[in-house]
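**Student:** Spelled out from the first residue to the last, the chains are:
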Amino acid sequence: MSLSQPLRLSRRTLLRQLGAAGVLVTLGPAGAWATKEMVQQAVRDRIGTREPQPHGVTLRLPKIAETGNSVPLTVTVESPMTPDDHVLRLHVFIEGNPEPVAATYHFGVRAGKAEMSTRLRLARSQTVLALAEMSDGSVRSGAASILVTLGACVEEVWGD
Amino acid sequence: MAEPRVRVPSTARRGEVIEIKTLLSHPMETGHRRDVYGKLIPRQIIHTFTCTYNGVEVFRADWHPAVAANPYLAFFTVATESGRLRFEWIDDEGTVYATEADITVA
Numbered sequence: 001m002s003l004s005q006p007l008r009l010s011r012r013t014l015l016r017q018l019g020a021a022g023v024l025v026t027l028g029p030a031g032a033w034a035t036k037e038m039v040q041q042a043v044r045d046r047i048g049t050r051e052p053q054p055h056g057v058t059l060r061l062p063k064i065a066e067t068g069n070s071v072p073l074t075v076t077v078e079s080p081m082t083p084d085d086h087v088l089r090l091h092v093f094i095e096g097n098p099e100p101v102a103a104t105y106h107f108g109v110r111a112g113k114a115e116m117s118t119r120l121r122l123a124r125s126q127t128v129l130a131l132a133e134m135s136d137g138s139v140r141s142g143a144a145s146i147l148v149t150l151g152a153c154v155e156e157v158w159g160d
Numbered sequence: 001m002a003e004p005r006v007r008v009p010s011t012a013r014r015g016e017v018i019e020i021k022t023l024l025s026h027p028m029e030t031g032h033r034r035d036v037y038g039k040l041i042p043r044q045i046i047h048t049f050t051c052t053y054n055g056v057e058v059f060r061a062d063w064h065p066a067v068a069a070n071p072y073l074a075f076f077t078v079a080t081e082s083g084r085l086r087f088e089w090i091d092d093e094g095t096v097y098a099t100e101a102d103i104t105v106a
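Those protein sequence lines, which keep their order, are chains X and F. When we follow my numbering, the leftmost residue of the first sequence carries the number 1, and every step to the right adds one. When we follow my numbering, the leftmost residue of the second sequence carries the number 1, and every step to the right adds one.
It is possible that part of the hints are untrue.
[What the hints assert, rightly or not] Here are the simulated SDA-like cross-link-like pairs (lysine to any residue), alpha carbons at most 20 Å apart as the crow flies:
(1) X:Lys36 - F:Pro9
(2) F:Lys21 - F:Arg86
(3) F:Lys21 - F:Ala74
(4) F:Lys21 - F:Val56
(5) X:Lys113 - F:Glu81
(6) X:Lys113 - F:Glu29
(7) X:Lys113 - X:Leu150
(8) F:Lys21 - X:Thr104
(9) X:Lys113 - F:Lys39
(10) X:Lys113 - F:Arg60
(11) F:Lys39 - F:Glu29
[As the list claims (entries may be wrong)] Taking beta-carbon pairs under 10 Å as the criterion, some of the chain F residues facing chain X (in silico):
(12) Pro4
(13) Arg13
(14) Asp62
(15) Val78
[Unchecked claim] Pairwise CB distance ranges (calculated):
(16) F:Val36 - X:His55: 26 to 36 Å
(17) X:Lys36 - F:Ala106: 29 to 39 Å
(18) X:His55 - F:Lys21: 38 to 48 Å
(19) X:Thr149 - F:Arg43: 24 to 34 Å
(20) X:Thr35 - F:Ser10: 45 to 55 Å
If you're looking for bench data, these hints aren't it; they were derived computationally from the structure. A virtual CB, placed ideally from N, CA and C, is assigned to each residue, including glycine.
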């Protein structure tokens, strides 16, 4: 056992260094990520000049994910979903991926309940933003942050 | 081509909000990955999902590469009448994956 102890320690140190190197390499191609401007533009393309009200949209997202390959996300919008008052569309934005938009969901009265669940591919730790376009023309927003230990695009790094 | 999987209640009360769960086997290739030669692998994702209820669209989704491989989607609809729900997924190569489920509304 006295032999295995230093071995295990050095393996751990090695792993830690590998991890650190991985982070550096992942952060390297900064040009590949969506910029703040790209996210802003994507938001404006969808909601125009309307100002989102920061309430009424709840995101269920894990606080931490070991890999970003398949991260469960549930978004719920507070809405009675009646003909007079319902959700038209829900947009999911991801600021930390190469492309700023993950998906748009088209609801409507027939959806009955303004909630959907999906699984996202996240390249790194980031904030996920959801914007709901309501039938009265207003826009509501919600957001959640997640720590991604190993991004979904590591294959790229090894391939380069 | 793998068969899509959907879960729809076989019966419901009129006006009841029912949950629908869907799953399709698909690589959802992002278009950002490179192969061993450093060449970009072309994007090949499902870009549109639609659910129609007796021919009327009740839910639709536009997807981008950030939707994980083997896309899972759960959503809701109002059980309005007995009939058939149809689910369609369309990918970048134009392949349409489709399946249907019947519901009896009392």
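**Student:** Take the hints in turn and mark each one as holding or not.
**Tutor:** Hint check:
no.: 1; hint: X:Lys36 - F:Pro9; verdict: 43 Å, violated
no.: 2; hint: F:Lys21 - F:Arg86; verdict: 13 Å, holds
no.: 3; hint: F:Lys21 - F:Ala74; verdict: 4 Å, holds
no.: 4; hint: F:Lys21 - F:Val56; verdict: 18 Å, holds
no.: 5; hint: X:Lys113 - F:Glu81; verdict: 17 Å, holds
no.: 6; hint: X:Lys113 - F:Glu29; verdict: 31 Å, violated
no.: 7; hint: X:Lys113 - X:Leu150; verdict: 34 Å, violated
no.: 8; hint: F:Lys21 - X:Thr104; verdict: 17 Å, holds
no.: 9; hint: X:Lys113 - F:Lys39; verdict: 44 Å, violated
no.: 10; hint: X:Lys113 - F:Arg60; verdict: 14 Å, holds
no.: 11; hint: F:Lys39 - F:Glu29; verdict: 14 Å, holds
no.: 12; hint: Pro4; verdict: 15 Å, violated
no.: 13; hint: Arg13; verdict: 13 Å, violated
no.: 14; hint: Asp62; verdict: 4 Å, holds
no.: 15; hint: Val78; verdict: 4 Å, holds
no.: 16; hint: F:Val36 - X:His55: 26 to 36 Å; verdict: 48 Å, violated
no.: 17; hint: X:Lys36 - F:Ala106: 29 to 39 Å; verdict: 53 Å, violated
no.: 18; hint: X:His55 - F:Lys21: 38 to 48 Å; verdict: 28 Å, violated
no.: 19; hint: X:Thr149 - F:Arg43: 24 to 34 Å; verdict: 26 Å, holds
no.: 20; hint: X:Thr35 - F:Ser10: 45 to 55 Å; verdict: 48 Å, holds
In summary, the structure is inconsistent with hints 1, 6, 7, 9, 12, 13, 16, 17, 18 from the numbered list given earlier, while agreeing with the others.
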